[in-house]
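**Q** Residue numbers (this note's numbering), protein chains in the order written: chain A, 1 to 370; chain B, 1001 to 1174.
In short, the hints are calculated from the structure, not lab data.
One thing to keep in mind: the hints can contain errors.
To be verified - So the derived label-pair ranges between C-beta atoms look like this:
| no. | chain 1 | residue 1 | chain 2 | residue 2 | range |
| --- | --- | --- | --- | --- | --- |
| 1 | A | 231 | B | 1049 | 20 to 28 Å |
| 2 | B | 1063 | A | 93 | 17 to 25 Å |
| 3 | B | 1151 | A | 234 | 47 to 55 Å |
| 4 | A | 234 | B | 1158 | 39 to 47 Å |
| 5 | B | 1004 | A | 351 | 23 to 31 Å |
| 6 | A | 93 | B | 1151 | 46 to 54 Å |
| 7 | B | 1109 | A | 36 | 35 to 43 Å |
| 8 | B | 1038 | A | 180 | 35 to 43 Å |
| 9 | B | 1065 | A | 323 | 54 to 62 Å |
| 10 | B | 1007 | A | 360 | 27 to 35 Å |
| 11 | B | 1158 | A | 231 | 40 to 48 Å |
Ideal Cβ placement from N, Cα and C applies to all residues, glycine included.
The lines below spell out each chain.
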Amino acid sequence: MNGDFHYYATYCAAVIAGYSHPEAMDICYCAQFVDHCTKTILNSINGPEYAATTQLQSEMIDMKTDKNGLREITRIWASFHFLPRDLYAERPGTTTRYLKKYRMIAGPNGDLVKDTVELAKNNTLQAVGIAMHVLADTWAHANFAGTPSFVINNTDNYFDELIPTDNGFKRRHIEFGHNPAAKENPEKGEYTASIYQASENSIMNLGHGRAGHLPDYSFIRYAYVPAWNDYYEIIKDNPHDYLHAFAQMVYALQYLRGMSSSFEKDTYAWEAVAPYEDEIKRLIAVRRTDDTEDWKALGERITGQTIRPFRLDEYFEEYRRVSKKDRTDTFLEAFFDAAMDHKNMIIQRIVESGNDIAGKPVNLDSEGSR
Amino acid sequence: MIGKRIGSILSGLAMILFAILVIAVDEGYYFVLLAYLCVLTGAGIRYIHYYFTMAKFMTGGRYVLYRGILMLDVAVFAGTLNDVPPIYIMVYLIGLLAFSGAVDIFRAFDSRRVHARWKMKLFRGVITLLLCILAVISLKETDAVTIIYCLSLISNGGMRIINALRPAEVFVIQ
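Work out the full structure, taking the sequences as your base and the hints as a guide.
**A** This is how it looks when you write it as structure tokens:
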């Protein structure tokens, strides 16, 4: 998902769930910061490298894709952007090597989502924000894996957009361009994606690169054949998924505020969302690549407050100003702690399933922050 | 990606070395043949192993198997050429190089179609193909054929190295 959802929609979900404006601002900042917290940023503010929740293109370009390099990539992407749906998924007749990657396929309502939300219970707002980012991405990035894999993440030329008509949908073939500088045009169906690379561990085969930005556009429905689905087509209905992601976020946030005693999978706060559902459906369905204005307007109407735009370095000065031993009370320290705890938890679950694809959790006391 | 860059530089250097070998050493083309045999056998086996452990379960994975079998086939054929007149070995080596030139040209047109970088690929493919055609025209003069073949190896190797040192055009969706 993009900033419009991770920042503004998360704000909306937080206030609908009962958080105050300042609390919702902290939550949505952290939800969005997950898409920016790279090793490069961390090094620039002397933060702990293990807290990285994403990677820059430049960080990945020259990375080795040996076993350790792949583990490094997988730890980050599977933990924060492509949470595996089922670490014990079976596919009869396949090899162990294949299963290790197959089990990394992301999707909503897996056990790890429950673990993620529960980890944020009675925790900081930073932990809540991280959990919301991870939860939202399980919907948008479903059916792709957060580890480089040609046999899982590749797609082929069978890619059609389903455009709503008066009596159903019409199919329009999508021919992806591969020019990173090209602007996408949803009206003409002009989209870009990563280039075909028949190498198992190439970073071109990480996540949803082969589907371009389509998973992150709320309006789009498309049909394609993922490499892992045995020649069967999948129809990705983003309007449906985004609405469910939002309603599930509200439910999760209600749980985290103590309004319910447990967080269950496949459960949504439809009652709380009901007053806004029509408006959300409308804004999700508009054919554009950025819904910021509408989400912002909705959030400001609900609270009567102004949602300040996301500013990446909002808390950098506070963090830089204090010495290492005094960082405990800073905003970013709480984010880094929550990120490292979450990452370790996910890696531990992956290890428990008998999969070494993400390596082992690290001893956080030796990583510098604690 | 850094592995790919190093691989490209090494293969470029290897091509230049082979060209020197072929010119400087008597029957140096046997070394080139041996190198093809080893590299293609290794690559073929790797592809076939990859197919049976991974790509077999993938949509369109059988192309990985075809590729592996083709490589192994070419490697085995290279291994049978140790007892033929040298001119046939040269024709085989020129044929392999011409094939790679043709693939470069096709890839260039494909890249152009999807707005990726294509000019260097096209240039490399065209130069390789032209030199190979020249070599075939000069087939009666074994020395000329050898020199032209070496020139195309050197130009190909040089362009691989240059390409490896260019900033990578990587498009990773985040």
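**Q** Each hint: holds or not?
**A** Against the structure, the hints come out as follows:
no. : hint                         : result
1   : A:231 <-> B:1049: 20 to 28 Å : holds, 23 Å
2   : B:1063 <-> A:93: 17 to 25 Å  : holds, 20 Å
3   : B:1151 <-> A:234: 47 to 55 Å : holds, 51 Å
4   : A:234 <-> B:1158: 39 to 47 Å : holds, 45 Å
5   : B:1004 <-> A:351: 23 to 31 Å : holds, 30 Å
6   : A:93 <-> B:1151: 46 to 54 Å  : holds, 51 Å
7   : B:1109 <-> A:36: 35 to 43 Å  : holds, 38 Å
8   : B:1038 <-> A:180: 35 to 43 Å : holds, 37 Å
9   : B:1065 <-> A:323: 54 to 62 Å : holds, 60 Å
10  : B:1007 <-> A:360: 27 to 35 Å : holds, 30 Å
11  : B:1158 <-> A:231: 40 to 48 Å : holds, 43 Å
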